[in-house]
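Each protein sequence line maps, in turn, to chains A and B.
Each residue of the first sequence is one higher than the one before, counting from 1 in UniProt numbering.
Each residue of the second sequence is one higher than the one before, counting from 1 in UniProt numbering.
Treat the hints loosely; a few may be bogus.
[To be verified] Just a sample of chain B residues kept apart from chain A, beta carbon distances all over 12 angstroms, derived:
#  : residue
1  : P31
2  : L91
3  : K173
4  : Q190
5  : F195
6  : R241
7  : N278
8  : K325
9  : I480
10 : P484
11 : M528
12 : P546
[Said to hold, decoys possible] Straight-line distance between alpha carbons at most 25 angstroms, and here's what the computed BS3-like set of lysine-lysine pairs gives:
#  : chain 1 : residue 1 : chain 2 : residue 2
13 : A       : K13       : B       : K150
14 : A       : K15       : B       : K236
15 : A       : K43       : B       : K129
16 : B       : K129      : B       : K181
17 : B       : K41       : B       : K384
18 : B       : K503      : B       : K607
19 : B       : K607      : A       : K15
20 : B       : K167      : A       : K43
21 : B       : K492      : A       : K13
22 : B       : K181      : B       : K167
23 : B       : K105      : B       : K193
24 : B       : K267      : A       : K12
25 : A       : K12       : B       : K121
26 : B       : K150      : B       : K41
27 : A       : K15       : B       : K105
For the record, the hints were derived by calculation from the structure and aren't laboratory data.
As the structure is a prediction and not an experimental result, all values here were calculated from the model.
Note that CB positions come from ideal geometry on N, CA and C, so glycine has one too.
Here is what each chain is made of, one letter per residue.
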Amino acid sequence: MTITLDAIGENKKAKVVSISGGWGIRQRLGCLGIHPGDIIMVKRSAIMRGPILISVHGNQVALGRGVAGRVMVEAE
Amino acid sequence: MKIALMGQPNSGKSTIFNSVAGYKAVTSNFPGKTVQYTLTKFNLFGQAIELVDLPGTYSLTSFDLAELEARKYLLNGNVDIVINVIDASLLSRSLELTLQLLELKVPMVICLNMIDEAVRKGIKIDIEKLSKILGVPVVSAIAVKGKGIKELFSTAYKRGEKKKIGKTLNFSKDVEEVIEKLSAQIKEKQISKEFNVPERFLAIKYLENDRYFMEDFKNRDKKIFKEINYFQNLLKEVHGRPSDVVISSERHHLSMNTYESVVSLTKPQVSLINYLDNVLMHPILGYISLGLIFYLFFNLIFGMGKIAEEPLLDYFYRLIPLVGKSINTDTLLFSVISGIIQGLAGGIAIVLPYLFPFLFGLAILEDLGYLPRIAFLLDAFLHKIGLHGKAIIPFILGYGCTVPAIMATRILESERDRFIASVLATMIPCAARMTIIFALVAFYISPQAALAVYILNIIVIIISGKILSRLLPEVTPGMILEIPAYHIPSIKVALAKTWLRMKEFIFVAWPLLIVGSTILSLLQYYKMDMVVNKFFSPLTSLLGLPVVVGTTLIFGVLRKELSMLMLIQAIGTSNVAAVMSTTQIMTFTIFVIFYVPCVATIAVLWKEIGSKRTLFTVFFTFLLAVILATITRFVY
C-alpha cells in the first residue's frame, strides 16, 4: 500500500515509490539521494506539523511537511 | 594556472581553500554557507596558482542562486583544473556530482575529504580502484587538520599541466542511444559551442529538462526544441517516467554501482556526539535547549562585556584631561582631539567587549552544526510568517552582521522568500546594534530590559513577516535541508573566524569613527550642529529625545554603532544616564534598532533585491522605527 512519507511513524523504514510534484522537487530530492526505490528511515517528526527528519544513504535530511507529503512510499 | 574547488555543500571546500589562503573564506558546519566565490593566489613549484572557492552545489542542475553562480563560473571561468571535493562519509551521493563533472570533460582531481569521518562511519574506500574506474587521480585528505593538502595540490598541478580528462561512464544502452542521437543533432546545429560545453553534456541536460539551458533555447530555435521534446517523450514512453527522472535514476545507479565496488563496510564507531540530537532535536527538550542556549549566550556576552567595559572606559577618560593640560581647551585642536579620543574610546571600550564574546560564541555554534537543527525546530513557526526553516540561517547570521545575512538569503529557492527574508533580516539587531542594546539598555537600565528589547524585536519581526507574506501571497516551496553530522568545533578556527569578522569593525568602522568624530567636533566648534539638530527637531521632539540626538542619527546610517558613539560625544559624557532618562535611553535604542539600514546593508540590498524594493525597505523600516519609538516614549 502506498502512503505519503509524512504518514510514516518515527523509527520506521519505507521505500520510495514515486515523487509527485514538479520537476524542481524531484531534482532536489534526487540530489540528496532520494529517488524511487531508495530506502528511507524516518527518525523524527517535529511538533506542530513541523518537518520530519529522515536518514537516507547514511545522511540526515529535514523535509518540510509539504515536501514529505509529495513523496509516495511503501512501508517496510 | 587556475584551480577551482567544486563539490557538494558542506564537503570542506572552504576549509581546503583556507589552508592555503589563510582564513579568508568563512567556514561553518551548515550546507550552503558559501554563496559567492572567493579567489586567492599562491605559489606552487614556482608557478603562480589562482585558486577559486566556489559555492557548494549538489548537481550541475542548479536551483538556488549560489549553485547557479558555481555552475556559471565553471562553464565560463577558464578553469584549468577542477578539484572535486567529496565528503568521503557521503561518497555514494557525492559521486552523482562527480559523474556530471566528468561529463563536462574538464581536467579533474578528486579529493576525498573527511576520510577520518568515513572511517568512523565504517566506510573503507579503495582509493586506487576508484581512481581507475573514473580515470582521475584521487587524493584523500583531512582538511581541518591540514592532512593531504600538499599532495592534493601537487597532484592537481601535475594533472592540470597535462590537461588530461577522466572517463565518462555510460548509462544503460537504450538511454545512451537516445543521448547519442540527440548529441548528433546538437553537433549539427553547433549549439554546444555557444555554451562552451561538450555535446553529450548538453544532450543530457536537455533530457533532464534543465531550466537554464532550456529557457535560453525556447526564444531561438523551434526546430531543435521539437527534437528535444521528441527524445524526452521517447524516454518517457519506454521507462514510464519523465525523462529527467530516467536520467537521474541512471546516474544514481551508476553512482551506487561505483560506490559498492570501491567500498567495504565495517562496523561504525559510536561516538557520544551522535547522541546530542536525542536532546537538541527532541520535540520538547529541543525547544527547551534552544531557549536555554540563547539565554546563556546572552548572559555570557553581557557578563564578559561588562567586566571589560568599565575599566577600559575609565582609562580613556583619564586621557582627555591630560590632553587639556598641554593644549588650551578653548582651541579647535583640543575639541578635535578630544572628539577623536571619545570616538575611539567608544569603539574600543564599548564595542569590542561585547562584540568579541558574541562573535566567538556564534562561531562555535556554527561550527558545531547547530544552525541546521534550529532550522528544523523552527520550520513550523517560520511557515506562519510565510517562510520556511532554512530562512532561520540568514536570520541568525543577521545577529552578527546584516550584510552576510542578506547574502545568505541566496540559499532560499524563491525570489519572494528571498525578498521577505532580506527585509526581515535588516530588522534583526546586528552585532553593532547589539553593542547599543548592551551598552545602553543593559548597562544603564537592566539586563532584563535588554532581553525584553530582543523579545520585542522578535515580535515585531513576526508581525512584519505576517504583513509581508499577506502582501505577497505565494506558497513557499517547503524545506529540503541536509542536517550535517556534528563536528567538534576547533578553537583555532573559531578564533580565526571571529577575527575575520571583527576586522570589519576595526578596519572599516574605526577610520569612519575617527572621521565622524572629527566632523562632529568641527560642527560643534562652529555651532553648525545646531542646524542639523534643528532639521531633525520635529523627529526628536516627537520621540521626546534631547535635541542633540539629531546629528547622531545621520552617523547611525553610516554604521549603526556610530549613533551611540556619536551620542556620547554629542552629550559630552560617557555617563549617558546623567543626561538622558531611562525612557529616553529606551526610546533612542528602539529607534536606532529599526530605522533605516546602514549604508553597507543598503548597498547589498540594492544588489540582491533591486532598487525599488530597497527603497521600500528603507521607507518601511523608518516608518516602523518612528511608530515603535513613539509608543516606547509614552508606554515605557
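Exercise for the section: Mind checking the alpha carbons of K129(B) and K181(B) for me, to see if they're no more than 25 angstroms apart? Expected result: Violated - the C-alpha atoms of K181(B) and K129(B) are around 32 angstroms apart, more than 25 angstroms.
Exercise for the section: Please work out if K41(B) and K384(B) have their alpha carbons no farther apart than 25 angstroms. Expected result: violated (46 angstroms)
Handout entry: 25 angstroms Cα cutoff - pair K15(A), K236(B)
Key = The hint holds at about 22 angstroms.
Exercise for the section: Sort out whether K105(B) lies within 25 angstroms of K15(A), counting only the CA atoms. Expected result: Given pair K15(A), K105(B) is violated - Cα atoms ~35 angstroms apart, limit 25 angstroms.
Practice task
Could you let me know if the closest chain A CB is still more than 12 angstroms away from the CB of K173(B)?
Solution key: holds (20 angstroms)
Practice task
Would you check the hint for K267(B) and K12(A), treating anything up to 25 angstroms between C-alpha atoms as holding?
Solution key: With a Cα-Cα distance of about 21 angstroms, the restraint between K267(B) and K12(A) holds, given a limit of 25 angstroms.
Handout entry: No chain A beta carbon within 12 angstroms of F195(B)'s
Key = For F195(B), whose nearest Cβ neighbour in chain A is about 19 angstroms away, the distance exceeds 12 angstroms, so it holds.
Handout entry: Reported absence of P31(B) from the contact zone with chain A (all CB gaps over 12 angstroms)
Key = Non-interface label on P31(B) violated, nearest chain A Cβ at 10 angstroms vs cutoff 12 angstroms.
Problem - Least C-beta distance from L91(B) to chain A larger than 12 angstroms - result: violated (9 angstroms)
Handout entry: Exclusion check [P546(B) not at the chain A interface, CB over 12 angstroms]
Key = holds (46 angstroms)
Handout entry: Interface-negative label, I480(B) against chain A, beta-carbon threshold 12 angstroms
Key = Contrary to the label, I480(B) does not stay out of reach of chain A, its closest Cβ about 5 angstroms off (not over 12 angstroms).
Practice task
Sort out whether K150(B) lies within 25 angstroms of K13(A), counting only the CA atoms.
Solution key: violated (43 angstroms)
Hint violations for this structure: numbers 1, 2, 6, 7, 9, 10, 13, 15, 16, 17, 19, 20, 21 and 27, all remaining hints satisfied.
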